[in-house]
Amino acid sequence: EAAVTQSPRSKVAVTGGKVTLSCHQTNNHDYMYWYRQDTGHGLRLIHYSYVADSTEKGDIPDGYKASRPSQENFSLILELASLSQTAVYFCASSDLTLYEQYFGPGTRLTVL
Amino acid sequence: GDSVTQTEGQVALSEEDFLTIHCNYSASGYPTLFWYVQYPGEGPQLLFRASRDKEKGSSRGFEATYDKGTTSFHLRKASVQESDSAVYYCALIITGNTGKLIFGLGTTLQVQP
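Which chain is which? The protein sequence lines are A and B, in order.
Going by this note's numbering, the residue at position 68 of the first sequence is 68; the numbering climbs one at a time, nothing skipped.
Going by this note's numbering, the residue at position 66 of the second sequence is 66; the numbering climbs one at a time, nothing skipped.
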């Protein structure tokens, strides 16, 4: 049974539109993360959260917002999607006891 | 700042070949080191971790030894299989940090039958 799920798995959006990517975890972990993956850049951290109702900026937060309404759910929001945000997005969770992160299957976002 | 460098961007081998993927790190504190593997269409999954100098991590025939002296954590496997074809990421986390993983750029391994 998958412990970190993401929806949608794939999305096509128009430039300037709003996009929301959702993540749900059943690991009972406090920490959740959003990464983007691009060829040549590997995985880069966008936002993370260590408690519900609080989010922190990662290494590349510009153009993205995050929301953590509960321990289990973490959303990534693109208010005005741009071509440069075409990428694969991964959500992950961890408990910091072992510092191991568990990743979801990813969302492939294409902005046209 | 803290960083991870993977020397090889792509590695092409035949089945039963020996694999080495080089990973070097730079960290201000005492990091925990990881190897993650990502298969096509999936998210990265933890292969193994090591938290202290000279500790060996291993899983599925892969292994790496934490070397604080050379700041390295090279991934090795004695005999690769076609099913090992994937992208491999070396990563570090600073103990006591906010859980931020720092990844290398990844190494794509292609194993021919």
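If you're looking for bench data, these hints aren't it; they were derived computationally from the structure.
Among these hints, one or two may not hold up.
What follows is a set of in silico ranges between Cβ atoms, one per label pair, in the way DEER data are often shown [said to hold, decoys possible]: (1) Gly-40(A) with His-22(B): 31 to 39 Å; (2) Ser-14(B) with Ser-67(A): 29 to 37 Å; (3) Thr-110(A) with Gln-10(B): 23 to 31 Å; (4) Gly-63(A) with Ser-83(B): 34 to 42 Å; (5) Gly-40(A) with Arg-52(B): 28 to 36 Å; (6) Asp-59(A) with Glu-8(B): 18 to 26 Å; (7) Gly-16(A) with Lys-56(B): 49 to 57 Å; (8) Arg-9(A) with Val-11(B): 44 to 52 Å; (9) Gly-16(A) with Glu-15(B): 27 to 35 Å.
Just so you know, even glycine gets a beta-carbon here, dropped at the ideal spot from N, CA and C.
Outcome of the hint check:
no., hint, verdict
1, Gly-40(A) with His-22(B): 31 to 39 Å, "violated, 18 Å"
2, Ser-14(B) with Ser-67(A): 29 to 37 Å, "violated, 48 Å"
3, Thr-110(A) with Gln-10(B): 23 to 31 Å, "holds, 25 Å"
4, Gly-63(A) with Ser-83(B): 34 to 42 Å, "holds, 38 Å"
5, Gly-40(A) with Arg-52(B): 28 to 36 Å, "holds, 33 Å"
6, Asp-59(A) with Glu-8(B): 18 to 26 Å, "holds, 24 Å"
7, Gly-16(A) with Lys-56(B): 49 to 57 Å, "holds, 51 Å"
8, Arg-9(A) with Val-11(B): 44 to 52 Å, "violated, 29 Å"
9, Gly-16(A) with Glu-15(B): 27 to 35 Å, "violated, 49 Å"
Hint compliance for this structure: hints 1, 2, 8, 9 are broken, all remaining hints hold.
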